[in-house]
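S.K.: Take a look at the letters that make up each chain.
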Amino acid sequence: MVALLAPLFLLGAIAVAVPVILHLTQRSKGEVVEFPSFMFLQRIPSRTTRHRRIRDPLLLALRVLALLLLTLAFARPLIRAWGLGEEVGEAPRDVVILVDRSFSMRHGDRWERARREAEAVLDGVRPGERAALVQFAKTADAGSGLVEDVTPLRSSLATASPGDAGTSYGAAFRLAGRLLGAAEGRRREVVLISDFQRTGWDEGDDARLPGNTEVIPLDVASDAAGEASNLTVADLDLRRTRSGEVPRLQVAARILNLGADSVRTLVELEIGGRLQADTTVSIPPGIGRSVAFDPVPLPRGGARGGVHLASRPEDDGLPLDDEFRFVLEPDRDLDVLVLQSDGAPATRSLFLREALSLSSEPGMRVTVLGARGAGADRFAAADVIVLNDVAAPDGAAGAALFRRVEEGAGLVVVAGARVNGSTWPGAWVDPLPGVLADVADRSRGSGGSLTTVDGDHPVFEVFRAPRSGDLAAPRVYRYRRLDPSPGAEVVARFDDGSPALVESRHGDGRVLLWATSLDRSWSDFPVQPVYLPLVQRIVMHAAAFGAEPAWREVGEDLMLDAEADGLDLQVTEPEDVSWIVEAPSGERESIHAGPDGTAAARLDEAGFWRIRLDGMPEAEARTVAVNPGVSESDLRAIDHAELVAAVSPTEDPTATALASAVASPADRERRQGGWRFLMAAAGLVLVVEAALANRRRGYGVPTEGQAKE
Amino acid sequence: MIARRHTRAEAEAGSRDRFLDPLVLSRISDLELLARTVVEGFISGLHRSPFLGFSVDFAEHRPYMPGDDIRRIDWRVYARTDRFYIKEYEAETNTNVLIVLDVSRSMDFSSGGVSKLDYGRFLAASLAYLSGQQRDRVGFVAFDGDTREYVPPAIRHRDIVLHTIDRLEPGEGGGLTRPLSRVGERLTKKGIVALISDLYAEPAEVARAVGALRRKGNDLLVFHLLDPAEIGFPYHAPSDFVELETGRSMPVTPDRLRDDYVRLMRDHLDEIQALLVGQGVDYAMFDTSRPLDGALFHYLSRRESRLRVR
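Chain order of the listed sequences is W and B. So that you can map any letter, position 456 of the first sequence is 462 in our numbering, and since no number is skipped, the others follow by simple counting. So that you can map any letter, position 273 of the second sequence is 1625 in our numbering, and since no number is skipped, the others follow by simple counting.
These aren't lab readings, by the way, just hints derived from the structure by calculation. Ideal placement from N, C-alpha and C gives every residue a C-beta, glycine not left out. Each hint should be verified, as a subset may be incorrect.
[As the list claims (entries may be wrong)] Covered stretches of chain B (chain W as the covering partner; in silico rule of three or more C-beta atoms under 8 Å from a C-beta of chain W):
1. 1417–1430
2. 1588–1595
3. 1607–1621
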């Protein structure tokens, strides 16, 4: 068996084409026809093309032979009989066992089967070989890495159990690639033990294993692909409403039937430990259905809640995803302080005040004042301050305003006719997200419109769904041009590309700059249906309302911030700060803050988590609802071959194997001396070719005619 | 009487065909005017097509929420129950339509009529216009070896799509896998993907590239465009053939190879069709001498079936 040490030199064989091309270029030119592709013409045997006569086939053959011998010599051939092949066959093995412990492995006996398979693979590890056990779900953990003694791996396997997190094959393969990448001169093997959930593989994932790696898939899903039955609560929609002064909660749940049969189930809504409502729903196979409960009274102090399936089919694959938990934040109203020019008519802030006052989730208490009437006490009480076409106050009042923003209040600046670069106090230019410039006058035509918005931004995400308001409908006749500051985010633009809404941070507070008026002087926004939700969303976002989600997904990191929890890091040293994090299983962990007073808690279990600062009473602990990812509920499987092909190395495995398996560079040099013979043979052929060529051209031995002359 | 009716029907059909003839269309320089001509001529030919307009299939009632349009309250239900309910309709939600046009060098081929690229541009513009009329979110991708143009799907992007199509130039050569994989990465919502290409790649590669989009849940329509000369190979004189994508040349004696070429092309088409249809892809081959209405019919039928199964 022949192998090559430098196979890339084989590309030199392309040079063989040179004499052939030289020959072909001698032909006469014919009519030229452009054709899209030679895909089929190339497949037709040579009878279909005009034949070229080779004038001197022997000479051509010698030249081609010489080039081939040279190319082969540079590629440095190795022959198994010379001693290297045996070493390759006996190269020790590195095995990485990837064991899936995602949420879906809780289905049936999948986990037990996975454990048995992993033990069998560990049994096969021979002395001198190394193995690593990688447990993965959304993330992957290699434990002790590649080891020759597999005893600790067996112990680790015995104590492992499936978690609640989703699946990411990409993370597992990337870690396996890192472990195997450092292993030179060894055979590489990856054993993937999983239920091969399709949702665990992202087709855009670029995870790829190093060369010479063999991937062995071991499927532990007992049911046939695509037939695994599962009913799950996939998503919730929580809306706060008001019935008079009574706050109410409207809950809609989305139930998915991922099985092959139609299912009828009882869905229950529970809040604060009490059953609030229930309803029965029939769901055809393979689709989801929304279930809306009647509005229920909302506890003022916040509460835990959940929607669960009270009846489910007997063969339901994952009973654990039949419940969807949430936490309701305490009902709170926002204090909004609207400042306008002193002596301005009541209509200036009329639309804005009415639109904000109508908000129910959250309720907004709106106070409208002249700019001079506001002082530090007013700012301190406000969650959001709106400068409605008025510049920020100068002096002490301005300092108090921006200090309040630094502390976390929101600031909305409405840049109309009265707010420009000259009226805005120079001391407060930096906090603005943009520099105020001239006015764009579009009053002569049909006016401008809002055409480009960031649909993922919290202000605009509610307008993303169909029939949720046409933001392009309002006509804007004038607006102020803005030059966004570095670091500011432009979240909406007018049709000429000019920024309409720009956002930046000032301390802990958010500053939003709206480039046209919010009354009817510069646009007809106030009389358009989108006005009310738009201004409410702007103010809610400025106040960071709803920043805490009602639930999180397993595997997410929860950021813990000592200052957000009320600690003053000027007084308390960050190293003295720690949190007690209690998982739904009851397991407690103490997490210490970093130098900046923050830390992260990995939410790797479904259920209600309790988190509090160490030393704080348990009753004041914060509750976080965590649910399994909905993708884990989909038990359909991916084709093994597809997954293996996606992560397998692309280069020639034989070449890589040989390159990596040779004992040392010195041995390599000693054992591949065959190139010298090839060079000598090439030289010999070239000498013959030269002699023959000279003879044909008449430069060598004179012909009979020449001799006579 | 019967004979007169027949004549009128023929005249109407002839008139419609004349407007949809690619050669006639190629004389219209404004792409939006062209698309409007095609689509409106086509629609008038359909006589109130059942495919057009929004579906109004009633789906379900849901309780009224603050912020809902009060015009959508079902007053009959209110009269019966004394509670406000909103009527929900199926398929009012607009569909994402992404038109993916191959602009590789081989598409710039013409044996006398319009080139495949121009035919593809007409078709893409007509689909964009038609989708815009139906208030679908229209997006556009042009590719050769890689993505050349990308306009994300949005309701108001029709004009941008038409402008983009209008200024398209033939690109370089290239395969399907890489650009279609890029398209797949950018698709965040399921929808209709209309691929217009001459599909010069191995059938397995075509199936793999197209299948990746299909597996993401998109409805996939493949418009396979070929020039009549690519199908029938009507050349006679021995000539130097130059491949458009690579520029390399090959001496060819057409009379000797025609039968083999036609057979290979037919096998290629059959194999592509079998593989794509097997994956649930809607495949149709069009030669560039055919009027556009066949392609538009094909598209509308597919869109209609998508709305029905939603």
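S.K.: With reference to the structure, classify each hint as holding or not holding.
M.R.: Do the hints match the structure? See the list:
| no. | hint | verdict |
| --- | --- | --- |
| 1 | 1417–1430 | holds (count 4) |
| 2 | 1588–1595 | holds (count 7) |
| 3 | 1607–1621 | holds (count 7) |
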